[in-house]
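Q: Residues per chain, in single letters:
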Amino acid sequence: MQLIACPWCGPREELEFSYGGQAHVAYPADPAGLTDEQWARYVFFRDNPKGPFAERWAHSAGCRRWFTAVRDTRTHQFVSVGPLAGSEATP
Amino acid sequence: MTTAHATPPGAALPEHPDALWRDAEPQRSYDVVIVGGGGHGLATAHYLAKLGITDVAVVEKGWLAGGNMARNTTLIRSNYLWDESAGIYEHALRLWEGLEEDLGYPILFSQRGVLNLAHTEQDVRDSVRRVEANKLNGIDAEWLDPDEVAKVCPIVNVSADIRYPVQGATFQPRAGIAKHDYVAWGFARRASDAGIDIIQDCEVTGFVTDGDRVTGVRTTRGDIGCGTVALCAAGHTSVLLDMLGVPAPLQSHPLQALVSELLEPVHPTIVMSNAVHVYVSQAHKGELVMGAGVDSYNGYAQRGAFHIIERQMAAAVELFPVFARAHLLRSWAGVVDVTPDASPIVGRTPYDNVFLNCGWGTGGFKATPGIGWAFADTVAHGRPHPLIAPFGLDRFVTGALVDEHGAAAVAH
Ligand SMILES: Cc1cc2nc3c(=O)[nH]c(=O)nc-3n(C[C@H](O)[C@H](O)[C@H](O)COP(=O)(O)OP(=O)(O)OC[C@H]3O[C@@H](n4cnc5c(N)ncnc54)[C@H](O)[C@@H]3O)c2cc1C
Ligand SMILES: [Zn+2]
Numbered sequence: 155m156q157l158i159a160c161p162w163c164g165p166r167e168e169l170e171f172s173y174g175g176q177a178h179v180a181y182p183a184d185p186a187g188l189t190d191e192q193w194a195r196y197v198f199f200r201d202n203p204k205g206p207f208a209e210r211w212a213h214s215a216g217c218r219r220w221f222t223a224v225r226d227t228r229t230h231q232f233v234s235v236g237p238l239a240g241s242e243a244t245p
Numbered sequence: 012m013t014t015a016h017a018t019p020p021g022a023a024l025p026e027h028p029d030a031l032w033r034d035a036e037p038q039r040s041y042d043v044v045i046v047g048g049g050g051h052g053l054a055t056a057h058y059l060a061k062l063g064i065t066d067v068a069v070v071e072k073g074w075l076a077g078g079n080m081a082r083n084t085t086l087i088r089s090n091y092l093w094d095e096s097a098g099i100y101e102h103a104l105r106l107w108e109g110l111e112e113d114l115g116y117p118i119l120f121s122q123r124g125v126l127n128l129a130h131t132e133q134d135v136r137d138s139v140r141r142v143e144a145n146k147l148n149g150i151d152a153e154w155l156d157p158d159e160v161a162k163v164c165p166i167v168n169v170s171a172d173i174r175y176p177v178q179g180a181t182f183q184p185r186a187g188i189a190k191h192d193y194v195a196w197g198f199a200r201r202a203s204d205a206g207i208d209i210i211q212d213c214e215v216t217g218f219v220t221d222g223d224r225v226t227g228v229r230t231t232r233g234d235i236g237c238g239t240v241a242l243c244a245a246g247h248t249s250v251l252l253d254m255l256g257v258p259a260p261l262q263s264h265p266l267q268a269l270v271s272e273l274l275e276p277v278h279p280t281i282v283m284s285n286a287v288h289v290y291v292s293q294a295h296k297g298e299l300v301m302g303a304g305v306d307s308y309n310g311y312a313q314r315g316a317f318h319i320i321e322r323q324m325a326a327a328v329e330l331f332p333v334f335a336r337a338h339l340l341r342s343w344a345g346v347v348d349v350t351p352d353a354s355p356i357v358g359r360t361p362y363d364n365v366f367l368n369c370g371w372g373t374g375g376f377k378a379t380p381g382i383g384w385a386f387a388d389t390v391a392h393g394r395p396h397p398l399i400a401p402f403g404l405d406r407f408v409t410g411a412l413v414d415e416h417g418a419a420a421v422a423h
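Order-wise, the sequence lines are chains P and F.
For the working numbering, count along the first sequence from 1 and bump the result up by 154.
For the working numbering, count along the second sequence from 1 and bump the result up by 11.
Derived from the structure by calculation, the hints contain no laboratory data.
It is possible that some hints are incorrect.
Now the stretches of chain F that chain P is said to cover, found in silico as 3 or more residues with beta-carbon under 8 Å [what the hints assert, rightly or not]:
no.	region
1	130 to 140
2	245 to 254
3	301 to 313
No residue lacks a Cβ here, since even glycine has one placed at the ideal position from N, Cα and C.
All chains, please: the whole structure from these sequences, using the hints.
A: In structure tokens form, the structure reads like this:
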């Protein structure tokens with residue numbers, strides 16, 4: 155099991171965390187103005203890169219806070235972690 | 012030339028058996044280029060040949076069927092909830108029933124039935140509903156109470172004092188398992204005999220496009236021209252679609268499985284439990300084969316985390332106390348392409364001559380002959396076959412999802 159460095163608690167075992175998928179997916183600014191196609195993109199479509207991926211994690215069995223991490227999906231290794239707003243964690 | 016070396020004792024091995032298919036070199040172009048030499052790509056090739064289309068290449072980045080085809084737990088069943096799924100999975104099951112004859116090759120298809128256990132009142136209601144839906148679609152299905160479950164599979168713990176007591180199960184007698192490697196080899200052999208080129212160690216790295224057509228695939232062994240492209244790359248589909256600039260709602264996850272050491276025959280059927288989260292069968296040789304759900308995060312590493320295996324084993328021992336002293340022999344993982352509604356994505360792309368087959372996630376082995384047949388027909392006629400028409404990319408815009416989470420949850 156790998157250790158994940160929670161920005162608040164430090165390194166903890168992977169099973170304390172839950173996965174939240176792709177980071178930086180903003181709620182549409184003008185929801186009423188979206189086409190069906192644009193809604194589909196927002197609701198169902200997420201990036202799926204083979205390589206570095208900015209994603210949300212929650213330390214659910216610890217401090218219960220969300221944070222942003224960049225993880226390499228080829229190796230599953232964490233490249234960097236940062237707080238939620240975390241522009242520093244953008245690849 | 013003869014050599015006079017004395018052969019060391021034990022080194023006199025039998026001749027390597029003849030290869031079952033030709034290891035082809037890429038030609039300049041083909042009518043159809045199938046990307047991915049797993050079960051689906053090879054089955055598509057076989058059924059294209061049956062339609063008389065043999066100017067075809069199957070290009071595979073690794074070795075033949077070394078992806079999920081080599082890693083799956085081979086459960087085959089068709090007891091899905093919705094009509095759309097029943098259509099394609101039952102079509103596949105009927106083809107499985109005649110496949111050994113069609114391929115002229117043994118595939119060890121063993122129809123030993125599948126029990127899907129229900130542990131809560133909601134499970135019971137959902138299961139009975141699924142049984143009725145299956146019957147309406149002409150699929151064999153029964154609802155069994157706990158005593159009947161114990162008759163079908165005496166080693167399942169149906170006592171009331173476990174954490175999630177067994178309240179009953181659905182049973183599909185025609186479900187079964189097959190030998191995955193033999194299935195791949197059988198398809199490859201027939202396709203190759205028909206003149207189709209199977210090209211291993213040949214990774215597609217890009218596409219040559221001309222407006223809304225793809226005129227060639229770029230590979231690690233040079234460019235190959237193409238009339239039609241058929242994508243069958245399973246967990247790596249997003250990587251290919253990114254090259255084409257086509258978005259699709261796919262997430263690639265590690266999916267693990269494991270086997271025990273070889274045991275006497277103790278387990279006569281297949282048992283799946285969504286609530287306790289494990290499924291188990293016993294392979295022909297005697298090892299218990301177990302699986303569960305995907306690892307939670309996206310990953311292309313073909314390996315998963317050990318705590319997932321640990322939970323799977325805990326669930327298995329709860330349901331089958333007799334397994335407590337079995338030893339885990341090995342575990343492994345594949346990369347599966349999961350969709351929002353747990354149904355595949357098959358059909359057209361924004362490119363006129365590129366057809367997509369992906370999103371089978373944790374359960375596409377059972378579909379192999381069915382999707383190969385329907386995808387070949389789709390490629391041959393340049394339009395989605397009716398059996399796969401409900402599974403187009405456009406369903407995420409229209410909202411006509413085929414939500415199979417209930418029937419597909421604990422992987423397959
Ligand atoms: C652990 C595990 C257990 C499973 N258990 C079951 C089960 O019990 N029942 C069931 O129905 N399903 C099961 N599945 C799912 C099933 O294995 C898959 O849905 C199915 O194998 C996908 O189709 P395929 O055989 O064509 O995929 P694959 O065998 O993965 O074929 C895709 C091929 O494409 C190749 N490829 C990818 N990118 C490129 C490229 N750029 N260029 C060239 N080639 C490329 C890959 O190397 C690979 O060989 C399981 C999967 C796993 C991992
Ligand atoms: Zn924390």
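Q: So, for every hint listed, does it hold in this structure?
A: Right, here's what the structure says about each hint:
1. For a cut-off of 8 Å, the count of residues in the region 130 to 140 of chain F with a CB near a CB of chain P stands at 0, and the three-residue condition is violated.
2. With 4 residues carrying a beta carbon less than 8 Å from a beta carbon of chain P, the region 245 to 254 of chain F meets the three-residue requirement, and the given coverage holds.
3. Using a Cβ-Cβ cut-off of 8 Å, 6 residues of the region 301 to 313 of chain F lie near chain P, which meets the minimum of three, so the contact claim holds.
Going through the hint list in order, the structure does not satisfy hint 1, though it satisfies all others.
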